[in-house]
Structure formats: structure tokens, C-alpha cells
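All chains should be modelled from the sequences, with the hints used to inform the complete structure.
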Amino acid sequence: MPIHILMPALSPTMTEGTLSKWLVKEGDEVASGDIIAEIETDKATMELEAVDEGKIGKIIVPEGTEGVEVNNPIGVLLEEGEDEGDIGDVSAPVPVVPAPKAEPEPEPEPGSAPIEKALPAPAATAPRTAPAVPLSGDRILASPLAKRIAANARIDLAAIKGSGPNGRVVKADVENAFSGGVTRSAAARVSSADVPDFGQAYTEVANTNVRKVIARRLLEAKQTVPHFYMKVDFVIDNLLSLRKDLNGQDGADYNLSINDFVIKACAVAMRKVPMVNASWTDDAIRMYENVDISIAVATEGGLITPIIRNADQKGLLAISTEMKDLASSARDNKLKPEEFQGGGFTISNLGMYGIKEFSAIINPPQSAILAVGVGEQRPIVKNGALAVGTVMSCTLSCDHRVVDGAVGAEFLQALKPLIEDPLSLLL
Amino acid sequence: MSDTNFDLVVIGGGPGGYVGAIRASQLGMKVAVVEREHLGGICLNWGCIPTKALLRTAEVYHLMQHAEDFGLSAKEISFDAKKVVERSRKVAGRLSGGVGMLMKKNKVTVFDGQGALAGQGQVKVTKDGKNVAVLKAKYIMLATGARARTLPGLEPDGKLVWTYKEAMVPDNMPKSLLVVGSGAIGIEFASFYRTMGAEVTVVEVMNRVLPVEDEEISMLAHKAFEKQGMEIVTGATVKNLKIGKSNVTATIEKGGKAEKVTFDRVILAVGIVGNIEDIGLEKTKVKIEKTHVVVGKYSETDEPGVYAIGDLTGPPWLAHKASHEAVICVEKIAGLTPHALNTSRIAGCTYCHPQVASVGMTEAKAKESGRKIKVGRFPFIGNGKAIAMGDDQGLVKTVFDADTGELLGAHMIGSEVTELIQGYAVGMTLETTEQELMETVFPHPTLSEMMHEAVLDAYGRVIHV
Ligand SMILES: Cc1cc2nc3c(=O)[nH]c(=O)nc-3n(C[C@H](O)[C@H](O)[C@H](O)COP(=O)(O)OP(=O)(O)OC[C@H]3O[C@@H](n4cnc5c(N)ncnc54)[C@H](O)[C@@H]3O)c2cc1C
Chain L
1 MPIHILMPAL
11 SPTMTEGTLS
21 KWLVKEGDEV
31 ASGDIIAEIE
41 TDKATMELEA
51 VDEGKIGKII
61 VPEGTEGVEV
71 NNPIGVLLEE
81 GEDEGDIGDV
91 SAPVPVVPAP
101 KAEPEPEPEP
111 GSAPIEKALP
121 APAATAPRTA
131 PAVPLSGDRI
141 LASPLAKRIA
151 ANARIDLAAI
161 KGSGPNGRVV
171 KADVENAFSG
181 GVTRSAAARV
191 SSADVPDFGQ
201 AYTEVANTNV
211 RKVIARRLLE
221 AKQTVPHFYM
231 KVDFVIDNLL
241 SLRKDLNGQD
251 GADYNLSIND
261 FVIKACAVAM
271 RKVPMVNASW
281 TDDAIRMYEN
291 VDISIAVATE
301 GGLITPIIRN
311 ADQKGLLAIS
321 TEMKDLASSA
331 RDNKLKPEEF
341 QGGGFTISNL
351 GMYGIKEFSA
361 IINPPQSAIL
371 AVGVGEQRPI
381 VKNGALAVGT
391 VMSCTLSCDH
401 RVVDGAVGAE
411 FLQALKPLIE
421 DPLSLLL
Chain D
1001 MSDTNFDLVV
1011 IGGGPGGYVG
1021 AIRASQLGMK
1031 VAVVEREHLG
1041 GICLNWGCIP
1051 TKALLRTAEV
1061 YHLMQHAEDF
1071 GLSAKEISFD
1081 AKKVVERSRK
1091 VAGRLSGGVG
1101 MLMKKNKVTV
1111 FDGQGALAGQ
1121 GQVKVTKDGK
1131 NVAVLKAKYI
1141 MLATGARART
1151 LPGLEPDGKL
1161 VWTYKEAMVP
1171 DNMPKSLLVV
1181 GSGAIGIEFA
1191 SFYRTMGAEV
1201 TVVEVMNRVL
1211 PVEDEEISML
1221 AHKAFEKQGM
1231 EIVTGATVKN
1241 LKIGKSNVTA
1251 TIEKGGKAEK
1261 VTFDRVILAV
1271 GIVGNIEDIG
1281 LEKTKVKIEK
1291 THVVVGKYSE
1301 TDEPGVYAIG
1311 DLTGPPWLAH
1321 KASHEAVICV
1331 EKIAGLTPHA
1341 LNTSRIAGCT
1351 YCHPQVASVG
1361 MTEAKAKESG
1371 RKIKVGRFPF
1381 IGNGKAIAMG
1391 DDQGLVKTVF
1401 DADTGELLGA
1411 HMIGSEVTEL
1421 IQGYAVGMTL
1431 ETTEQELMET
1441 VFPHPTLSEM
1451 MHEAVLDAYG
1461 RVIHV
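Sequences listed follow chains L and D, in order.
Mapping to our numbering: the first sequence position 417 is 417, numbers consecutive.
Here our numbering runs 1000 ahead of the position in the second sequence, where the first position is 1.
Because the hints were derived from the structure by calculation, they are not lab data.
The beta carbon of each residue, even a glycine, is placed where N, CA and C say it ideally should be.
There may be inaccurate statements among the hints.
Taking CB as the label site, the calculated pair distances span [said to hold, decoys possible]:
id, chain 1, residue 1, chain 2, residue 2, range
1, L, A206, D, R1345, 37 to 47 Å
2, L, A151, D, K1283, 48 to 58 Å
3, D, K1136, L, N176, 52 to 62 Å
4, D, L1336, L, S328, 50 to 60 Å
5, D, V1273, L, P165, 33 to 43 Å
So this is what it looks like as C-alpha cells:
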């Protein structure tokens, strides 16, 4: 029997995704392990491998289709000795993400649910999925009904306080959230009809999943996290000269960036002031045991934050190499979920654009983010006399529920000598 | 003189009061229960338990009469009414005694007497008009329960016209019996007496028996009872009872026509009224509506420090509601954060033959609520265990919210369904959707498989019909 190729679940929470690209066409022969398609989830693009050898008999879901439900057949693989005649009826409907105002889908006739029609062959169901990495802070306890209602209403379960055992979100909590007007998934809330049209000319750029996630998470952060900001200037002449020395060493096949130093310095400072490496929950502040730092990387599709894990235990070179790999995977949209999910602190650096200073939005559920500006020559006062120094302004945004002013200040205080006198980093 | 200072004093030792007292004691409170008559309340002494004992007798008797269906022979089947009642009383006595033990074990002080509020934070206990004690309490829980309702013209005399109390201890079996009211209590007695051989007539003012149940279930029950030889008159009222020497003549009015019929005995089962008298409510802010105390979400009355639970408060008037309400109330007092009682998740059971059990909304109620619904049904004839048991009549029915998959209600009629319904109740409390129920593996062969099938049926996936 022909094998149905199914939409894979690339993460435990994935319910649908975009079939961004087919890398094969009908009639192509494939071997087991060949990459046949690219699937875009809310954060990354992943490759789909053929699990068996055979011939692509049919492409059911065309590339570029959004909102393809997990386990929906997307194509048919013919095994040896089979031909197109064996494919049969594969006209399974392809559910597309309903627009916020769309009518509910028509009910299937009893007994003829589409699932049964397009019965998948079990062997074809295992896509190459990245292992699920449930993050300690990421699992939301909720009753099945609460999940269903929240999903139907496009309410973000994470924004709801659960009243059940162990904070489990139950139906009543979701319904209260409804009436209380809690964060709907931001991306879903503003439909194009809500934005007035004053007759200006425009083109519309469809939102990628990444864009939608950015919109939702940052709106949620700005609306629900009490931010405050602290600015500090670092004189980085020592850092620059150390960097120059290291990069200029004989046979150096690396190029350490200022940012690599900042990452390392933050990691060491986070060990000293662990409260900036924590998340707020209603019952407790969750202090992370590892120092995992998210680094904001701009990509074509939008912002993503790959993670340098255990940054406090890694040398500058290791950090630098890892950062380059992560940034390039991020730009190619190839990050695996475990490479960007988690982290206890974020660094966002816009120095390369000549930005002097800026205030960043916290990356929830983290509690602090450091916004790094350009290192530029400025007049400084040194031993009572005016001098020229290279100064880099940084702004720390803190979640006041977790990080009080004094704690944030302590962190910056710890950070200052590590950046201004970076030899201590090498200790 | 025993200690009279308590954190919590409970007036009434029924399934509401005594369970609340135990929970309070578990939470570290110093607790007293004031009970005037019998620990265990109506439930253990004159309600749930003794009736179930009688109905068990009826069930065994029924099976004996049908012994041949099972390849057995039983000859000269008969019974001794006195012994039947004796067994029922023994069962009740044993359980009531058990509650006494539980009170001791949980260090709950029991005061024998009538309790009444006597000023803020005080409860006066009297026995036969004599003062026993005045108790001081931070919190007071009223759990005095309810008693049978009587209507003008329909007053019990305790000899020929009974309420449930007399109906439970007959000295012999009446030949003919009129049951007024076809709620759970009326129907259980009708079923018991019919099985034991009495000619039974049930008069119900509503247009169907067991009027709170799903309509389809009511209809099936109606048919089953008629098949057993019960006479059922719906949409009718008993206007008047004329008590004679050894029988009672009832005036039954239906559709404007009155008819006089004579019976050996009459059972009045037309509801209950709350025991709100003589408990000192007059001087408090406690509000009463239709003989029941008005309470908030956590059983608080309008009088600070005074709480009320169980039959004394609003429906459903069931023992497990009373117990659970008491637990929630006590936990709230202790500063815990219990969920308020969700009455739409309380199962109701009627132990007649065939049994009836339900939880949540009827199909009609669900429709009325404006929801889109899906309904599943599975008949007993499609179930192997039911056929093996020789009891293949009945139905399991489910009602789902089509949009969310919420199980809104479940309704069953047939053998052992009172033991099955909790499966759906657990599911509802865990807030299941159809998905989890479908994924649950039900053991074979059991009657419970019908619960699975009735879910599958709602989604067009039933297997065995
Ligand atoms: C025939 C019959 C069958 C039933 N079958 C079932 C069934 O199968 N399942 C079910 O769930 N429910 C059944 N019920 C209902 C069930 O019995 C009640 O819902 C339950 O008993 C209510 O519990 P309670 O604690 O609120 O009150 P009660 O059980 O009525 O207890 C109240 C107690 O308070 C005492 N009391 C009253 N006033 C005072 C006072 N001033 N001072 C001191 N003590 C006082 C009374 O003596 C009594 O012991 C049945 C009822 C009847 C009548």
C-alpha cells in the first residue's frame, strides 16, 4: 500500500505548520533519509526526511501552504511495484488556519471523519523531529477542556493563572480570562479589519510564524512584565586592546568580537548575582541553575534568540565559535528548537549599527535583558583630567517582580570590572 | 463538665455535618457536633442506606423469581416482611454506630441534644427542654437537614398514609399502594413494593416520571415500570386523601377529571422542607428562601461566622452533595483555596429496577443553553456483559459540547448504572474532552464499555451497533 507522508510534529506543542518548500517533485525517486521538504514551525524551519525508499507518487499539499495540521497527509510515497493507480483517494481536506473571524469548520458527517479516510500508514509517520526539550518553565498545566477552549478562543494559556491543583488551569480560569480580557494571542487579535484604511497605498507582507511569535511574546512582555531600566557606561579600551592582542596572535584562526566578551562577562556576573537568571511564577521565583544566555540575532524573518548554554563554563573561543554557528543557522532558519528554547538572560547588541543606546523588551519568561550600544570614542574624565576613551553604553531592563533596583545595580556593578578589565575573565 | 470552647461547632450529625466535622479535625480544628437523634442523619438512618438494603432484598427476590432463566430452580419463593425490615434496620444501625467510632477516632466531641444559635459565636444545647451546655465557637456550621414535605389535604397519619420513615418499616406488605410523587424517593419505594408484589400506582404532577432526568431516560423508565405492572399516571394530582379504617380513598385529578380510587396505603414523596425551625435563626441575618437557607459559594450565610450546608440549603438534596459541600466550607474556613461546588458535576442515582443515574445537563438543557451539541447513545443489548448478566435492557447516553468537546452530561438507565456514573463524574471533574474518553481503555467484558461506546457514538464512531 502506498505510504502517506504526514505533516510531522516538530515539537511537542506543534499543532500545525507551514509546508514551506518541496525539495522533490512527483515522480522523483527517493531513498530513505533523503530530505524531501522543508517545514516551518513557529520558530524554525526543519527538514523532512523520507523514511522509506520509493517514488513520490503525489504531492497533496502544495508548498507555501500555511496552517497544515500535524498528521495531515501531505504527500504519497509509492513503494516498489506500486504506481499512481494505487494511490486512491487522497483528497483529504487541508485545513488552513482559520482567520480569526472565520466560521467554524463544517462538522464532518458522523462516521466519515476525514481522519479515517486518509488512514496513514504507520511506517510513514516518523519524521525527523528534533527531540522534544520540555523546558523546566515551559510546561503549562491545564485540563484538556481548558486547553481546548483556550485554543478555540486563541487565548494564551501561559497568561492565565491556574486555580486548580498545582496551579492547573481549569475551564473556569479560561472563562474568567475571557471576561477579564486577558491577552489573546496578539497575532490573532488585530485582524486587518481592525486597522483603518485611510486610502493610503500599501502592500501586505504576510506574517511569518516567526513574526507572529515575536508579536505575541513581546506584546505579552510589555503588557504583563513591570519593566524598569538602568544605564551604565563601560570604558572598553582595555577590552579592545586585549581583543586585538588575542586576535593578532600567530596562527589565530578566530576573530573574537566585542560581543563575545560581553557574553562571557555577563555569564560570570550572573553567577555572582544569580537573581538576574530567574523567572517569576506566582508561587515562587524560579532560579536557574545553569547560566544559559540568549543572544538576539536578526534574521530576514525576524528576531530569534539562540542560546549559549553554560556560558560561564566556556572560554571566549568556545563562545565565539558557537555564536558564529548559531548565528549562521539562525539566518538560514535552521535552528533546532533546543537551540533557541530556554535561556535565563538575554543580550541584544545593536552596536554594529552605530546605535548609542537603547532599552530592550524583556524576553519572557526571563527577567532581564542587556541592551548593548556601540563602543565609540567619547570624552571621559580620568584622574580629574579630560581624556579620550572608548565608551560603550549598556542598558539593563529588569522585571521588577524578580529583580529589584539594588539587585540590578549589583549585577551591573559586578559586570563593570569584567568588561573594563577583561583580563579577569581569563582567570 | 466537658470543654465547651471550640473552633467549629456543627449542628446536625448527618452526612453533611459529620463529614465536615472530620475534615475540620483533620485540619487541626477543635470540633463539636450537636446531634439530637441519630449520628449519620437521614441518610444512614432513614434514607439512602436503609432503602438500599430494602431494594437489595427486592433485587434478590426478583432474581429468585427468575431463577429458571439462569438454569436454576427455586421453589416456593416467599418472604417475611418483618425480617426484611429487620435487615434494613440492622444495616442502618451498624453504620450509625460506625459514625460514632469515627467521631471518637477524629477527636470530635459529640453533644447529644438539640442545638440552636444563641448569640454571636454561641450554640445552646438542650435535651428534653433541659439545658445541656452552651458552646462557644469561632465558626458554626448548620447541618440540620430536611424532612418530608406535606401538602394541604395530603397529611400523613403514620399508619395508612406514610412518609418515607413509615414506608421503610412496614409491618406487612400492603396489597395496594399509592405513591404520590415520582422523584427518586417515590420511585424507589414504588419499585420496592412492586417487586415485593404490591399493586402500585404512581401519580406524578409533571408530564413524566423522574422529571429531573433526561426525557429519553424518563420514557424508558416509564416503559420498564409499566412492563413490571406498575400503574403510572402523569400530569395528574392527588387532590385529597380520605383516611378510612383500613384503607385510604384518594381523589386523583387528571385533565380536569377527578377519580376516586382506594388503596391500602399511601406514600407521600412530594419533596422535602429544610429543618429551619428552633435553631435560633430568628435573631440572625440568615436568609431563608422556600424553607432552605440561602448561602454563598462557600456555604457562608449572611450572618458572619455562620455557615450552612446539605439538605438545609439548596438543591441537589443528596448525601454526597451535603458531604462535599461541608468539606469545601471547612477548607475555606481553614484558609485553604477549595474550588466552589459545581452542582452540574454532581451525579444523581435512583436505585429502582432498572437503575437510573445521571450527571450534568440533560439533552434538552444543553440545547436550551444555546450550545451546539453532540449526543451519543449506546443500548445495553449491544454489550456482552449485560447479555451475560441477563439484563440487556437499558441505555447509556452522552451529551457533548460540539465546539469544545466538553462532556456536558451523561444519562443512564439499566443494571448497575449507579456504580458506573462516577466514571463520567471523574472525567468531568478532570475536565475531559471526548478525546481522553476515547483514548481510555475500558476493560472487557464490563458494562463500562458502554460508556466508551456512548462517547464514540457521539462522534460517529460507535463500534458495536
Ligand atoms: C428515603 C430517602 C432515600 C434517600 N436516598 C438517597 C440516596 O440514595 N442517595 C443520596 O445521595 N441521597 C439520598 N437521600 C437524601 C439524603 O438522605 C440527604 O440528602 C442527606 O441525608 C442530607 O444530609 P444532611 O447532613 O444535610 O442532613 P440529614 O441527613 O438530614 O442530617 C441532619 C441531622 O441533623 C439532625 N438535626 C436536625 N436539627 C437538629 C438540631 N436542631 N440539633 C441537633 N441535631 C439536629 C438530625 O437529627 C439529622 O441527624 C434520601 C433521602 C430519603 C428520605
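Now the hints, each set against the structure:
1. A206/L / R1345/D: 37 to 47 Å: 44 Å, holds
2. A151/L / K1283/D: 48 to 58 Å: 53 Å, holds
3. K1136/D / N176/L: 52 to 62 Å: 39 Å, violated
4. L1336/D / S328/L: 50 to 60 Å: Holds - the Cβ-Cβ distance for L1336/D and S328/L, about 54 Å, lies within 50 to 60 Å.
5. V1273/D / P165/L: 33 to 43 Å: 37 Å, holds
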